[in-house]
Structures are given as structure tokens and as C-alpha cells.
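Undergrad: In the order they appear, the protein sequences are chains B and F. Quick note, the first sequence lines up with residues 1048 to 1362 if you use this note's numbering. Quick note, the second sequence lines up with residues 81 to 320 if you use this note's numbering.
Be aware that one or more of the hints could be misleading.
[As the list claims (entries may be wrong)] Okay, derived cross-link-like pairs now, DSSO-like style, lysine-lysine, Cα gap no bigger than 30 Å in a straight line:
| hint | chain 1 | residue 1 | chain 2 | residue 2 |
| --- | --- | --- | --- | --- |
| 1 | B | 1156 | F | 212 |
| 2 | B | 1255 | B | 1304 |
| 3 | B | 1184 | F | 212 |
| 4 | B | 1166 | B | 1156 |
| 5 | B | 1166 | F | 235 |
| 6 | B | 1156 | F | 235 |
| 7 | B | 1156 | B | 1184 |
| 8 | B | 1184 | B | 1166 |
| 9 | F | 235 | B | 1184 |
| 10 | F | 235 | F | 212 |
[Stated by the list, open to error] So, partial list: chain B residues that the calculated Cβ filter (under 7 Å) puts toward chain F:
| hint | residue |
| --- | --- |
| 11 | 1103 |
| 12 | 1106 |
| 13 | 1126 |
| 14 | 1134 |
| 15 | 1157 |
| 16 | 1189 |
If you're looking for bench data, these hints aren't it; they were derived computationally from the structure. Just so you know, even glycine gets a beta-carbon here, dropped at the ideal spot from N, CA and C.
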Amino acid sequence: MPTEAAELVFDEATKVYPSREGAAVDRLSLTVPAGDICVLVGPSGGGKTTALKLVNRLIPLTSGDIRIDGASILEHDVVELRRSIGYVIQQVGLFPHMTIEANIGTVPKLLGRPRSWIKTRSAELLELVGLDPSYAKRFPAQLSGGERQRIGLARALAANPSLMLMDEPFGAIDPIVRARLQDEFLRLQQELRKTVVFVTHDIDEAIKVGDRIAILREGGRLAQYDTPQRILERPVDDFVADFVGRDRALKALALRKLGDLELSPATGDGLPRLAADTSLRDALAFLVAERRDALVVTGTDGAPLGVARREDLLR
Amino acid sequence: MTRGWHVAGGPVIPSFGRSSACERSNGWFCTDWLQHHWGDTLQPALVQHIELTLIAVGIGFAIASGLALVGFRWQLFDAPFGAFSDFLYTIPSLALFQLLVPITGIGVPTVEVALVSYTLFILYRNMIAGLKSVPEEAIEVARGMGFTRLQTFVKVELPLAAPAVIAGLRIATVSTISIATVAAFIIPQGLGEPIFTGIQQNLFRTEILAAGMLAVLLGLTADGLLALLQRVVTPWSRIR
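Just chain F, same shape as in the assembly:
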């Protein structure tokens, strides 16, 4: 990190080295600050933020898929899995980060465990809802025409559940991008980091605003890309 991270207390010394008039007067949006600090502050934060999100959603998707397969095949497990993911989702993120520190330490794993646990609720619920929404007659005909059980699942149930699964993926991704800013409480990574630094440096507006806007833009972009994926993967779902 090129910028210092202040774990607790300590004097906050803003770096006014090359500060412009705009910076000194804490203007709303100092373009010269952006030019100077894009490379050493915002860009790395953005990349870290994307990494944090991708890992969280990826692992969350894998775990939710496994749970959903079991919960769908053996209905008995559906209620406990659902309740567990609900429970994780209700824990306030700040509290969860702090609760995890004694177990996983101060580092990326702590943040990822928390982020993953938030994706589970949305992903699991959407996967189960998608699989349950498959019309019964389509399954009956598939069996009657000679699909094996596995073929029925792979060729009929999975593709028909896809719109709900991708919808879940969109919500999970966007909310992870949002929650990941709070990760800066634990580790100096992601777009939360410049926001916190800005707050600590006498509420330096430009830095807070720029990082916040980047987080919003990232969320919108991810949502747009996944919407595009949905159109490509499930062209039939737009026809109603």
C-alpha cells in the first residue's frame, strides 16, 4: 500500500505535499487530486474491490449450488438450509466482520467469509425457487419421452431454472459490491479504503465522492453485464 493504514487512534496527518487550492479548501470534486491519485489510490482500490467481489460471488455460487442440489433433491434439507442462509443474512455486516476476526484473523479470509455468507441467502433462495418453478408437465413429458433422470435435470430443469438463478446472481453481485466497501474496517483493500481515508482526513470530499461513485459505477456495470448474460443464455425468457 502506498498510503498508510491507521488501525486505531494515532494522529491523522493529511499529506498536503502537492495539494492544490481545491484540495486545501476541501472542494467537492478536485480533478487535479484525481489525476494525481488515480494510479496510486483509486485504480488499485477498484481492482481489489473487483477481486473481493469475484471471489465472494464465485465461492458463494459454488456453495449455494451444492446446497440447492441437495435441498432440491431431498426436500427435507430445504427448510434448514434456507433458515441457515436467512440467519447469516440478518447479521449486520460490521458485527460479522468483527465477530470473525478472532477466528480468521485480520485479513482477506475474514472479509471473504463474511461476503460469501451474505451471497448464500440470495443465491440459494433463487436457485430453489427457479428449480421449483419448472412446469410439472415439461418434466412429465421429458420422462415419458425417455429422458433419464439426469437428462431431465440437465436438459430441462436446469435451463428452466436459469433465469431465476441469474437474477439471484445479479442481486448477489450488486449487494456484494456494496457490502465490500465495509471490508475496509478490517483490511485496507477495496473502494472502502479511500472512503475511510477521506473520512479520516477531515472528511476530504473528493476522495470519498470519487471512491463512492466508482463503487456505484462498478455495481451498475456488473448488473448490466449480468443482464446481458441473461439475454444471451436464456433468450426464450424474454418472450411472454
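Same shape as in the complex, but just chain B:
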């Protein structure tokens, strides 16, 4: 079984429904480097979920190709292909009649793993997603929405897939829990380095979790595929600019930290101090609130690293 992250290539991938006018996904071409999170985002009707389901062939391609580590998805047996890809959906879809342990062990069991292996693996994954091992014997109905989504993630990871497909995984969860799950997911990703395709309609979530963002427009056409930074700073057209929002300059600031700036080597006596891991957005808000023009950036030990002026932040 592949354990290394896989490179995913969409090559003119197209889906046309005979009953509908125009394509749902129109000649989509993009490459997701191994170990990256690619977020598909866009308005409804943009074909994001369709594009995602093309990968595990829940929706068959009309034309074009999708390749995982160079091999076309059409060459694989469809059942084996799906077992090799992690799949998480918004409604989670845990099996209500199976214990949490059995839910997590679904794909390993399909692959013929022994019981003892599944038991160990599910305990491991429960810990990984931050749940107590005692959850193993519970049923999904006994869990909260956030806990269920963690199990959904653990289940998708169980067979150690090289590619994960996540369809609005945090869409049905309240904002506070959602933010926490996003943070935990990113922390996990630091460790696991899976290739992930992540669908959302929420541009802020896309900016937060994506290494790269693909913005799809009506008719399933790719508007822009770039890093969050470049999408915010250099939207290719009005559609993308509108989609990311009027506050895109501030969102871009939120992506960078004081420590990323080139600081002036001054002592800055009498200036307020902020830690290097503060985002530029928060630092700017601070300067505006304090009516100051500059601040001292400090390292983790509190020692001054240099001075950042207001115009440095905005450059």
C-alpha cells in the first residue's frame, strides 16, 4: 500500500451531464504536488464537489484524465482505487450500526487486515485525532458533531492513504469547533504530509488551510490556481478579486508574521513591543489602536529583533 504522499494531476478533466447544458467541470488542469493541501473553492455551480468526486470515480470523467503518481485513475480497478484514497464528507456518514472502532477499521477490514491490527490502529488514530481510547466501543449516535467529524477523519486515514479527498469536512460544524478542527487538521498535516484535495465554499477556510487554492467559476472553469498569498495579492481578474473579498489586503496581511519582515536594526527605545509570531494584520490593528507608527519586534525570549514601521507592514 502506498504510504508516501502522491502527486495528483488533473489533465483537461471534464464532466458533462447529458441532461444539463454546459459542463459541470470544464477542462480542469492543475497539479497538486505531493504532500500539499489543494483547496477547491468557488461559488455553488462551480463544480468543486464534482471535480473532487471525479478523482475517486464516484462521478465518471467525460473526457480528459486524472493521474495519481503518474498512473491514470482509469487504469485502476475502481474498488481498489477508492480503498487507496481517504474520503471525508460534510455529513461524515459514519455507519450508525458499527462501533467507532469498526467505523475506523472499515477500509483496513476491506483490505483483509487482521482484527488485532485494526484494534491497535483504531486506538492509534483515536489518539491522533485527540479522542479518548474509550470511544472505541461507542456508537456514532453517542458522539457530538465535532467528535463525529474527527472519527470521519480518522476513518479516512486508517489505511494510510497517499491521497485524501475532503468534501466540506467542517461545513456542518459550529464556527468555534470548526476553527479548532481546522487547527488540529493543520497540525496533523504537519505530521502526516498527505496530498489533500479539500473542497469548501468558504474563502477564509481556503486561505487558512490551503497550500494552494484553485478558484472555480460557474461552469466548472478554473479561474486561478495559486498560493493563498498570490491569490490575495494578485487576483487574475475581477471575478477572483470579488470572490476573495474587498478585505483581501487585510487577509493577505493575516498570512504573514512580523518575523517574516526585514526589520530596521534599531533599538527603538520607548516603542511598544510585539512578538515575532504576531500576524501583520494583528500588528497593524495594534498600531492603529495605539496611534503609533512603529513597534519593536521581539523573539521568543523577549529580546528585541528590530523595529518595524507601519509602511513596512503594508509593503
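Given the structure of chain B, go ahead and fit chain F onto it with the hints provided.
TA: Okay, now just chain F, sitting in the frame of chain B:
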């Protein structure tokens, strides 16, 4: 049969051979009659009643399963199957027994055909409802994770439909136990038989009451056992 069966007319001659005072005065519940006739009347009737019910529910379950598989897989068949089972269910049981006599004769098959046709409605409707109640996202995820179509059906759809199927089985079993007493109109079997004999013997209360109570007890016991089965087979369904 140790006791005579009176197909039509004929003088009814109660057997007062060893009758007690209670029996002669037609008391509500003559324990001495029960002691004398448990072995030759009530027990065989009870066993026959259980047999009639098991065969009817068993065959009904098999037929309903087949219909439900087809009706669920090909929606086109669902409406006609449902309508047919509804229609069977609406025929009054006495009328149905009589209608079947010219075709299947006077015997167990007649009774079973009628009893089976009553179970179909409840079993079929519950099976279809159970299969349709399976959450769509569970099926989508199953397919997306690499279950084959058959695996999705056997490992996801069937177990999730089980609570509704067993609920149907409970209703079908209890109602069959009840309807089977009417079978005594056609054949001298089951708990209906002592009830009819009691009616014919100057409304002999003890016999009517005892057989009636046995039928009720049998129904309650069957329902309890199936409820137990449900708890064992679908432990997750109690958690909500």
C-alpha cells in the same frame, strides 16, 4: 383429534362424563376441567397454533424478502407490490378462508395461504421502509471508500434496515397468532378449536377463556422474544 369436530349442524353432545359441579354450573374458571383436559385439548391446540404461526410467518418472511429485494432494487415494482399486499390485507379473514376452500381444499394449506397473505403487507411495507431509511451519506461514503455494490447492501443497507424489519416481524407474528384462531373455521387445529368447541357446548366458559388466554399469552411471549432479538441484533438502535 381426541375431540370430535362438527363440520356442520349435527347435535352437540357435551361430554359430561367426569364433569364436576363447577363444570355443570358452567363456572368461569373450572380448574379441575383444566387439569383433565390440558393434555388432550389445550396443549395440542397450543402446539398446533405455534406451528401454524411459525409456518405462516416463515413463508411470509421469505416471500416478502424476495418482493422487497425486487421492489427496492427496481422502484418500478414497489408500487404494484405494495398495492397487492394492501389488497390481500383488506380481505376479511373469514371470507378469505371460505374463498380459498374450493381452490386449496379443507386443510392446512388453505389456512396457511390465508395467514401468509396477511403477513405480506406488514413485512413488505416494513422492509421497504427500513431499506429506504438508510442515510444516504452512509451509502455514499461506503461507495467512496471502496465497498462493492453487494458489500454496500449486505454490510450497510441490510443491517440499517434491520430494526424496521424486526419491528414488522413483531407485528406480523402477533397478528398471525390472533388471526390463526379463526383458522378453526376450516380445520380443527390451533387455539381456535377449543374456543369453538366451548361456544358450541352451551358457551362453556372455562374452555373459551382458557384457550383465549393461551392465545394472548402466546402473542405476548412471541412479542417479548422478538423484542429481545431486536436488542441483541441491533444494539445500536436503542441509542438515540
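Undergrad: Give a verdict on every hint.
TA: Hint-by-hint comparison with the structure:
no.: 1; hint: 1156(B) / 212(F); in the structure: 26 Å, holds
no.: 2; hint: 1255(B) / 1304(B); in the structure: 14 Å, holds
no.: 3; hint: 1184(B) / 212(F); in the structure: 27 Å, holds
no.: 4; hint: 1166(B) / 1156(B); in the structure: 11 Å, holds
no.: 5; hint: 1166(B) / 235(F); in the structure: 19 Å, holds
no.: 6; hint: 1156(B) / 235(F); in the structure: 12 Å, holds
no.: 7; hint: 1156(B) / 1184(B); in the structure: 17 Å, holds
no.: 8; hint: 1184(B) / 1166(B); in the structure: 11 Å, holds
no.: 9; hint: 235(F) / 1184(B); in the structure: 18 Å, holds
no.: 10; hint: 235(F) / 212(F); in the structure: 15 Å, holds
no.: 11; hint: 1103; in the structure: 6 Å, holds
no.: 12; hint: 1106; in the structure: 11 Å, violated
no.: 13; hint: 1126; in the structure: 5 Å, holds
no.: 14; hint: 1134; in the structure: 4 Å, holds
no.: 15; hint: 1157; in the structure: 6 Å, holds
no.: 16; hint: 1189; in the structure: 6 Å, holds
Violated hints amount to a single one, hint 12; each of the other numbered hints is respected by the structure.
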